[in-house]
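Protein chains in written order, with our numbering: chain A, 49 to 376; chain B, 49 to 376; chain C, 49 to 376; chain D, 49 to 376.
Do not rely on the hints blindly, as some may be mistaken.
Mimicking DSSO-like on lysine-lysine, the simulated pairs with C-alpha atoms at most 27 angstroms apart in a straight line are [claimed, not checked]:
| id | chain 1 | residue 1 | chain 2 | residue 2 |
| --- | --- | --- | --- | --- |
| 1 | A | 126 | B | 287 |
| 2 | C | 110 | A | 110 |
| 3 | B | 347 | B | 281 |
| 4 | A | 281 | B | 287 |
| 5 | A | 110 | D | 266 |
| 6 | A | 266 | A | 278 |
| 7 | C | 266 | D | 110 |
| 8 | D | 110 | A | 262 |
| 9 | A | 126 | A | 360 |
| 10 | A | 110 | D | 260 |
| 11 | D | 115 | B | 110 |
| 12 | D | 360 | A | 287 |
| 13 | B | 126 | A | 266 |
| 14 | D | 347 | D | 115 |
| 15 | C | 54 | B | 266 |
| 16 | D | 260 | A | 115 |
| 17 | D | 347 | D | 281 |
Keep in mind the hints are simulated off the structure, nothing from the lab.
4 protein chains.
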Amino acid sequence: MSENIKKIAVLTSGGDSPGMNAAIRAVVRTCAYHNIECIGVYRGYEGLIDGDFESLDARSVKGIINKGGTFLKSARSKTFRTKEGRQKAYENLLNENVNGLVVIGGDGSFTGALVFNNEFGFPVMGIPGTIDNDIVGTSHTLGFDTALNTVVDAIDKIRDTASSHNRLFFVEVMGRDVGHIALNAGIAGGAEEILIPEEDLGLERLVDSLNKSKTTGKTSSIVIVAEGDKIGKNIFELKDYVDENMEGYDVRVSVLGHMQRGGAPSCFDRVLASRMGVKAVESILDGETNYMVGLINGKMELTPLDQAIKGKTKINLELLRVSDIMST
Amino acid sequence: MSENIKKIAVLTSGGDSPGMNAAIRAVVRTCAYHNIECIGVYRGYEGLIDGDFESLDARSVKGIINKGGTFLKSARSKTFRTKEGRQKAYENLLNENVNGLVVIGGDGSFTGALVFNNEFGFPVMGIPGTIDNDIVGTSHTLGFDTALNTVVDAIDKIRDTASSHNRLFFVEVMGRDVGHIALNAGIAGGAEEILIPEEDLGLERLVDSLNKSKTTGKTSSIVIVAEGDKIGKNIFELKDYVDENMEGYDVRVSVLGHMQRGGAPSCFDRVLASRMGVKAVESILDGETNYMVGLINGKMELTPLDQAIKGKTKINLELLRVSDIMST
Amino acid sequence: MSENIKKIAVLTSGGDSPGMNAAIRAVVRTCAYHNIECIGVYRGYEGLIDGDFESLDARSVKGIINKGGTFLKSARSKTFRTKEGRQKAYENLLNENVNGLVVIGGDGSFTGALVFNNEFGFPVMGIPGTIDNDIVGTSHTLGFDTALNTVVDAIDKIRDTASSHNRLFFVEVMGRDVGHIALNAGIAGGAEEILIPEEDLGLERLVDSLNKSKTTGKTSSIVIVAEGDKIGKNIFELKDYVDENMEGYDVRVSVLGHMQRGGAPSCFDRVLASRMGVKAVESILDGETNYMVGLINGKMELTPLDQAIKGKTKINLELLRVSDIMST
Amino acid sequence: MSENIKKIAVLTSGGDSPGMNAAIRAVVRTCAYHNIECIGVYRGYEGLIDGDFESLDARSVKGIINKGGTFLKSARSKTFRTKEGRQKAYENLLNENVNGLVVIGGDGSFTGALVFNNEFGFPVMGIPGTIDNDIVGTSHTLGFDTALNTVVDAIDKIRDTASSHNRLFFVEVMGRDVGHIALNAGIAGGAEEILIPEEDLGLERLVDSLNKSKTTGKTSSIVIVAEGDKIGKNIFELKDYVDENMEGYDVRVSVLGHMQRGGAPSCFDRVLASRMGVKAVESILDGETNYMVGLINGKMELTPLDQAIKGKTKINLELLRVSDIMST
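Using the sequences and the accompanying hints, generate a full structural model.
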């Protein structure tokens, strides 16, 4: 274990996700366990530039493992995209004698960390925190599982009213570039169709499918739509199209929105956050840098940051097929 | 107790609300307790006209007290607004030897019941089922309490992400004519401002208030907006106005939508539904008609249907004041 | 409004209940609204004696309205039962220039407040915080509604497994002296029988009732038992008796325990806490003392503390009857 | 694909777990998708022997994906352990022209399936349904994830009251032979210590650890105890020991009990159930028998039943270490 590392900083960056607080707690307590100092950086890279730091010991993170959001707050920083901004951040870390940085966030945040390391050789380690599950190098990003449960709970509620009224609901869930939330929550919510960015079902086939559902005896239906669905129409346009091209359904729209990002993290996300925090800190102590910790085949593994930020995770084709079969 | 009543029908009508199943169960079991028959009518007045009936005994309503929606389904019926429609409904009830009708729904449904009684002298009894709490003659309509908890749970989640990012959120909740959901959920969700149909805050005062909140150290804010808020702008227009007239906030919008109508009913709504079902059936057995059962000062009371459908419940001024003080 | 009151102290005492944090917040913000100071006292009367105070302003109570428990912590204090202890507490309050004390707790806590006022003439105001709903002068104590939802959620889960296996479950809920939790949660959970301290069903009638349930086609059953049920047997003895005197059921026991006291408060409890906090502070400012604030017929009212601590609230006989009818 | 398979039967056996209904639904719909018949068997092997069958089509399983328990009910069957019982079951299946059997349950249920196949050559396929996660051949059994969330939610509530009162809580969770629930929920619930069947901490070390926690500033603590913890004392004896050998804590016990088996399945369990149901039916159609479907490295895989019923899954040593570090 590297004896040069005496102090580690941790920040959250980009969109928040459930489990970020649990990950901060894990970073802080792993530092305490190894008798090294830990400081929290407020507002992501913005706070790094402003020197908005707070010393954190094991007790200072009590009672946060079950809290949504991030008590260190998050932000997107334009200044960190400038050389001057990063220089200032570097100096702040040096002044505080910090030897390593844990960045909890998504691919944009990791890109910043990588640039920072390239310029100053400062050890950085990433923890993937985003509800979208769109990062290569981990089967689950932090917050994905919680967001799925939030979405499914909302779909269950919507189905209550849909089936009481023989209605067709379009429900929009998060996912601009990837359909993981839509696909998993759609299967779990018993959706008739799931529209995702990776696959263009086409409007006609959508209407065909819904018509077929009716003939098989379904009296209400739910269609899950990812924000970035490939059909290329927003959810209100979809409703209008179906209203015009289909009979016998009262069509409604529900956009789940930002509540998908909040809430107490699930058990899965809390355990994942704890494992990731331990792995991130101990990897820095082992002299590693420029990696992201992730869950691969059930184990904590490191993936180079430059691989993690390339491309997007692929949709699971088996799940697409399961979805088709389930809407029989 | 009237010995003429041998068979009672029950239906749900209008928008569904959590607790309707529990109320149906209570009606059915109270009939069973008094050894009279009970039939369920599907799809509200539509089913009454179509003769879509099912005989229900005590066991046939097991396992539904905790289910959202209504297994008898609900609908709005245009045909029941015609004399012919109601005549057909009456004949169907006569053919089935039904002597009384329990209508679970809102004021539109009660108006139908009243007209029906006026024409045919058929005994009718109303149970107020709507999440809006807008019916005179009961402190709580069925589903109101559950909807409040659903809304507050969503606000809690939104606050997680709002406070992680120093954001201002406009959150739209149900309530076209009355602000009960907005006011109660707003207080419980710690909202800075609550916009309701009963009170026009005005756009300038809204911005003033939000600016004042910032100066007192608030870094994120939530404004609850009832669908029918008096300012007369929809929630996206509100966002635009604030975006233009206020600095330092990242403003977002969330429309909670139909999930507010679903979900397992709260303990309060299940107990209320059970009490209302008992009272409704026993009032018919006592020879009463044209009443709505309701909770007044903690007791089950009858209110004439023609009073129940007149006007809307008033907003509680004490709550408005509490809301002001809490956003200090 | 009294101009003599410049500073109010608030403490939580006795068993904790959901909504206590929301009530503290309401007390603090109402003080801020009226431009008077507020201090929090840690660990109830113990902290009053130890001078364990913290100044609280409007911002210091942000983010707590939805948290269970009490951040001021609670305790039972033996020392406060001594004259010396109370003398010390009085001196601490004088030294801090505190002019009024809000006590959030149950009847034991109110007794302490009353004795304290009698000795030193110090203005005290009570807020009823307990899940048991056993205090005269309010239709709902703080935390009762939340506890009911927690219990009902647990019963729903237990019913899943009970009905999968044709089992009979005895479920113990809190309530040593009163059966309000048992009765309400029992109705809402669809219990076959509810054993409460106020009524002795008798073991034979219990077995008769369960046998009758079986003959009417019920394949699983849940019996809710208040801690202090009148039959005078603990829940394991009940199980043994039924095991010996009844056939065809696999009998199980579940004791819900302390989780009934925790959790995010319901909307109802948050609104109630906010109203009570406002009323408590403003009553002190109006020169009142020795009262408890409470909800009576939907309005905030004052009840003299000596009345509040006398006797227990009565069980609602209408609910007992509803319970009987529902288990038809 | 085998053209000999025309009809598949499905049953649930042993202790129920959340997700069983979702798995039944998946089996039924996959049959419908492949145009083969499906029948449900009530009460596990008991119903197989009694011929308690019901034909199930795609619509007959609507609305059950989110319901806890199993609508086919479950049971343990002594008769199926006899040759006569199994003979009768076999004849019933023959009479109904059933060609394959899907068994949803734990290792006891799988043993029965294996014996049945050995005797009659009847194709059987297992789906691992148990909250204990103790079956070799799948990283997650059906219901494990849901049970974890239920346990963690209860721990969160208990912590509210523990930290309000500076208490030490022993919380018993399910797990007679394996500590997976205890270990995961303990980490997620922020437990100080976790007592599991796989590891004997020893009473002295437990007290040492709790004393050390106090010196580091912890004022309340939660210890998770699996039913079958290795220390060899039940949870009440543990409390007594700590009461006698430790000062300064008010020690309490909570046994979570059967509610751990119920509740709406999590998104994870619903998706897993859907995948397993598809895989089980299609494996039978592919001519396979005597396998269990499972999740291995994120993919659906088959494991021979005789391997699945041998031994127990191992505890994850990394998690043990994470737990130690987190309680720093």
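Here is how each hint holds up against the structure:
Restraint check for residue 126 of chain A and residue 287 of chain B: the C-alpha separation of about 24 angstroms stays at or below 27 angstroms, so the hint holds. With a C-alpha separation of about 18 angstroms, the suggested pair residue 110 of chain C and residue 110 of chain A falls inside the 27 angstroms cut-off, and the hint holds. Between the alpha carbons of residue 347 of chain B and residue 281 of chain B the distance comes to roughly 40 angstroms, so the proposed pair goes past 27 angstroms and is violated. Taken as a hint, the residue 281 of chain A and residue 287 of chain B pair is honoured in the structure, with Cα atoms around 23 angstroms apart against an allowance of 27 angstroms.
Only pairs whose Cα atoms come within 27 angstroms are accepted, and residue 110 of chain A paired with residue 266 of chain D is accepted, the gap being roughly 9 angstroms. Distance hint between residue 266 of chain A and residue 278 of chain A is fulfilled; the C-alpha atoms sit about 26 angstroms from each other, no more than 27 angstroms. Distance check on the hinted pair: residue 266 of chain C and residue 110 of chain D sit about 24 angstroms apart at the alpha-carbon level, within 27 angstroms; holds. With a CA separation close to 14 angstroms, the supplied pair residue 110 of chain D and residue 262 of chain A stays within the 27 angstroms bound.
With a C-alpha separation of about 23 angstroms, the suggested pairing of residue 126 of chain A with residue 360 of chain A holds against the 27 angstroms cut-off. Distance restraint check for residue 110 of chain A and residue 260 of chain D: the Cα-Cα separation of roughly 16 angstroms lies within the 27 angstroms cut-off, and the hinted pair is therefore satisfied. Distance restraint check for residue 115 of chain D and residue 110 of chain B: the Cα-Cα separation of roughly 14 angstroms lies within the 27 angstroms cut-off, and the hinted pair is therefore satisfied. Restraint check for residue 360 of chain D and residue 287 of chain A: the C-alpha separation of about 51 angstroms exceeds 27 angstroms, so the hint is violated.
For a cut-off of 27 angstroms, the pair hint linking residue 126 of chain B to residue 266 of chain A stands: about 23 angstroms separates their Cα positions. For the hint pairing residue 347 of chain D with residue 115 of chain D, the CA-to-CA distance comes to about 25 angstroms; that is within 27 angstroms, so the pair holds. At most 27 angstroms may separate the alpha-carbon atoms for a hinted pair to count; residue 54 of chain C and residue 266 of chain B meet this at roughly 25 angstroms. In summary, the hint linking residue 260 of chain D to residue 115 of chain A is supported, as the alpha carbons are separated by about 26 angstroms, within the 27 angstroms threshold.
Restraint check: the Cα-Cα separation between residue 347 of chain D and residue 281 of chain D comes to about 40 angstroms, which exceeds 27 angstroms; the hinted pair is violated.
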